[in-house]
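From first to last, the protein sequence lines are chains A and B.
Here this note's numbering is used: position 41 in the first sequence is 41, and no number is missing along the way.
For any residue, its number in this note's numbering is found by taking its place in the second sequence, counting from 1, and adding 419.
The reader is advised that the hints may include incorrect statements.
Which bits of chain B does chain A cover? Going by a derived footprint, with three or more residues having C-beta under 8 Å, they are [to be verified]:
| # | segment |
| --- | --- |
| 1 | 515–521 |
| 2 | 567–580 |
Only pairs whose alpha carbons sit at most 27 Å apart, straight line, appear in this in silico DSSO-like list of lysine-lysine [unchecked claim]:
| # | chain 1 | residue 1 | chain 2 | residue 2 |
| --- | --- | --- | --- | --- |
| 3 | B | LYS583 | A | LYS87 |
| 4 | B | LYS583 | A | LYS148 |
| 5 | A | LYS54 | B | LYS583 |
| 6 | B | LYS583 | A | LYS50 |
| 7 | A | LYS336 | A | LYS312 |
| 8 | A | LYS16 | A | LYS54 |
| 9 | A | LYS417 | A | LYS288 |
| 10 | A | LYS411 | A | LYS288 |
| 11 | A | LYS148 | A | LYS50 |
| 12 | A | LYS288 | A | LYS312 |
| 13 | A | LYS312 | A | LYS341 |
| 14 | A | LYS148 | A | LYS54 |
Since the hints were made in silico from the structure, they are not lab data.
Computed from a predicted model, the values in this text were never measured in an experiment.
Glycine included, each C-beta is placed from N, C-alpha and C at the ideal position.
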Amino acid sequence: MGQTLAEKILSRHEGKGVKPGQFILAHVDWTLMQDGTGPLTVRQFEALGKDHLKDPARCLVFLDHAAPSPRRELSNDHHFLREFCEKTGAILNEVGDGVCHQLVAERHIAPAQVLFGADSHTCTAGAFGAYATGMGSTDVAVAMALGKTWLRVPETIHILLRGILQEGISGKDVILTLIGKLGADGANYQALEFGGSGLEGLDMESRLTIANMAVESGAKCGLFPSDEITRAYLEDQGREEAYVPVTPDEDAVYAREIAVDLDTIVPQVACPHTVDNVFPVDAPEVPKGPVQQVVIGTCTNGRVSDFAAAAKILQGRQRHPGTRLLIVPSSRRVLKALMEKNLLEVFLAAGATFVTPGCGPCVGVHAGALGDGERCLSTQNRNFKGRMGNPNAEIYLASPLTAAATAIEGKIADPRKFL
Amino acid sequence: MRGRGVEFEGRAWLFGDGISTDHIAPGRYFHLRSNLNELAKHVLEDAREDFAKNVQPGDIVVGGRNFGQGSSREHAPTIIKLAGVSAVIARSIARIFFRNCINVGLPVIICDTSGIAEGDILAIDLEKGLIEDKTRKLKIAFSPLPPVMTRILRDGGLVPHILKHGDFSIGT
Ligand code: SF4
Chain A
1 MGQTLAEKIL SRHEGKGVKP GQFILAHVDW TLMQDGTGPL TVRQFEALGK
51 DHLKDPARCL VFLDHAAPSP RRELSNDHHF LREFCEKTGA ILNEVGDGVC
101 HQLVAERHIA PAQVLFGADS HTCTAGAFGA YATGMGSTDV AVAMALGKTW
151 LRVPETIHIL LRGILQEGIS GKDVILTLIG KLGADGANYQ ALEFGGSGLE
201 GLDMESRLTI ANMAVESGAK CGLFPSDEIT RAYLEDQGRE EAYVPVTPDE
251 DAVYAREIAV DLDTIVPQVA CPHTVDNVFP VDAPEVPKGP VQQVVIGTCT
301 NGRVSDFAAA AKILQGRQRH PGTRLLIVPS SRRVLKALME KNLLEVFLAA
351 GATFVTPGCG PCVGVHAGAL GDGERCLSTQ NRNFKGRMGN PNAEIYLASP
401 LTAAATAIEG KIADPRKFL
Chain B
420 MRGRGVEFEG RAWLFGDGIS TDHIAPGRYF HLRSNLNELA KHVLEDARED
470 FAKNVQPGDI VVGGRNFGQG SSREHAPTII KLAGVSAVIA RSIARIFFRN
520 CINVGLPVII CDTSGIAEGD ILAIDLEKGL IEDKTRKLKI AFSPLPPVMT
570 RILRDGGLVP HILKHGDFSI GT
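Just chain A, same shape as in the assembly (with noise of 0.2 Å):
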């Protein structure tokens, strides 16, 4: 019988066959952990009364989260997590690396490659169509200690795309679309996987994104085949060799097909409090309200291809005077980019404040809190009450361009009227 992506490089790694619903101990190949989850999965390390990983240099320890530290506990949990790479040869990105699921992107997964990480977003490197699966820190200390862990084989939900996205819709638009479908639960314990003839026309970047989001259907993990673009990105990181073509079975067995037609797709807003509260850009459902905070970045779509989108329309205007913009690349690596590309000078004319690369402000520890009574629209991947350091503020989730046009207008608005 046919085998889905996920049964497919599950097999694989395991030297035997692995059915939907079986569980097993899966080995891995990385783990990652970040400086709000990594303390807690070094201690569970400690637990096991371990002192050495199983493979060091596949341990990936981010300070990322709170970057630069904003308070001396969180300044200590960094220290604590910095003499533990010491210690036991994991590899640390620093301050200013920029964020996790980035960092793996750009550096270190591979296609078929097993990898579970102490952040629920490790989904996104299901783009290079490796097995990534965020855990909590228990699983992740087990895996570092021991290289595996225990795991259920999941069923799998095939995602068809279908024609070609419309000037001025992005990935971002497609994911949400989904989510707004499935629903927050609509996947749980399942996996995504992405095919059909609309994958040509999605570039490494959106398939960055759209993976990123898997999880917020409740997805295990959100896996796209590799192909002739993943190879190419690879080759442009320089680690070509790193390339290895993985492909469902024709026969494969799904647990349901979801066509979604990628010429229809309008831009989407997520409303506050759930990722799956999602309307087209301009339902009477998203309010014409003013927008105090626009932020542009994140793991989600803090890459060069969004800032461009995003500089396109901020090209020659200014924000709304009532609208901070929050610019965050993904990483340093982005940062340079945006420098060597001139989209800092667009970004800066247009009134924009730059943070360290990094998760800035999406989870509410620093860098772009709301205050009482907010409105941010950002292009992160969540909108929970409570996510950017306010309960009794509201969060709309959009792509970077509909972040731009919002910037402008000081008001939610349509990105394809600056087009």
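Got chain A; can you put chain B with the ligand on it based on the hints?
Frame of chain A; chain B with the ligand shown alone:
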């Protein structure tokens, strides 16, 4: 085999749909994550302000759909457990939260919670797969956990499980 902690009783605290890990362990207390007892004083604060102050040992958290959605922060189930809660039951439970509960040794049940009201006394039998709402004289059946999870839960979580057996001890 009927181990300890398989049957227990507690008072229900009702929560709605979509309770996220941001409701349970808000990001604004990020700096308390290495101080779990302090963080536990804010448990579920953004869902119900009265919860952390009044929760009693043995109480049961009853949720709606997709309880625990969102981030992988294991601090969420850990501080629910630290607050003395004996089990989390909900209509549906987000995946990472669910496995985190198992790994930290907090019983977790998916079942129809619609008949349960605030303050009801619930008697739970994990192995039989039965909840009895004693206040409402209501019986709610649920599928008992798969053996892998029961094993880990019975050992008190994944770290005690590994310490006890020296490795995983689950037939796969
Ligand atoms: S940018 Fe936001 S969603 Fe992404 S890893 Fe950081 S906190 Fe999490």
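Taking the hints in turn, this is what the structure says about them:
Here the segment 515–521 of chain B counts 3 residues with a CB under 8 Å from a CB of chain A, which clears the bar of 3, and the coverage holds. For a cut-off of 8 Å, the count of residues in the segment 567–580 of chain B with a CB near a CB of chain A stands at 5, and the three-residue condition holds. Proximity of LYS583 of chain B to LYS87 of chain A is assessed by CA-CA distance (about 26 Å); at most 27 Å being required, the pair is judged to hold. Between the alpha carbons of LYS583 of chain B and LYS148 of chain A the distance comes to roughly 17 Å, so the proposed pair stays at or under 27 Å and holds.
Taking the CA atoms of LYS54 of chain A and LYS583 of chain B, the gap is near 20 Å; set against the 27 Å cutoff, the hint holds. Restraint check: the Cα-Cα separation between LYS583 of chain B and LYS50 of chain A comes to about 14 Å, which is no more than 27 Å; the hinted pair holds. Simply put, LYS336 of chain A and LYS312 of chain A have alpha-carbon atoms about 18 Å apart, close enough for the 27 Å limit, and the pair holds. A threshold of 27 Å between alpha carbons decides the hint, and for LYS16 of chain A with LYS54 of chain A the separation of about 22 Å falls inside it, so the pair holds.
Annotation: proposed proximity of LYS417 of chain A to LYS288 of chain A holds, straight-line Cα distance about 16 Å (limit 27 Å). Distance hint between LYS411 of chain A and LYS288 of chain A is fulfilled; the C-alpha atoms sit about 6 Å from each other, no more than 27 Å. For the hint pairing LYS148 of chain A with LYS50 of chain A, the CA-to-CA distance comes to about 15 Å; that is within 27 Å, so the pair holds. For a cut-off of 27 Å, the pair hint linking LYS288 of chain A to LYS312 of chain A stands: about 24 Å separates their Cα positions.
For the suggested pair LYS312 of chain A and LYS341 of chain A, the alpha carbons sit about 12 Å apart, so the restraint of at most 27 Å is met. Taken as a hint, the LYS148 of chain A and LYS54 of chain A pair is honoured in the structure, with Cα atoms around 10 Å apart against an allowance of 27 Å.
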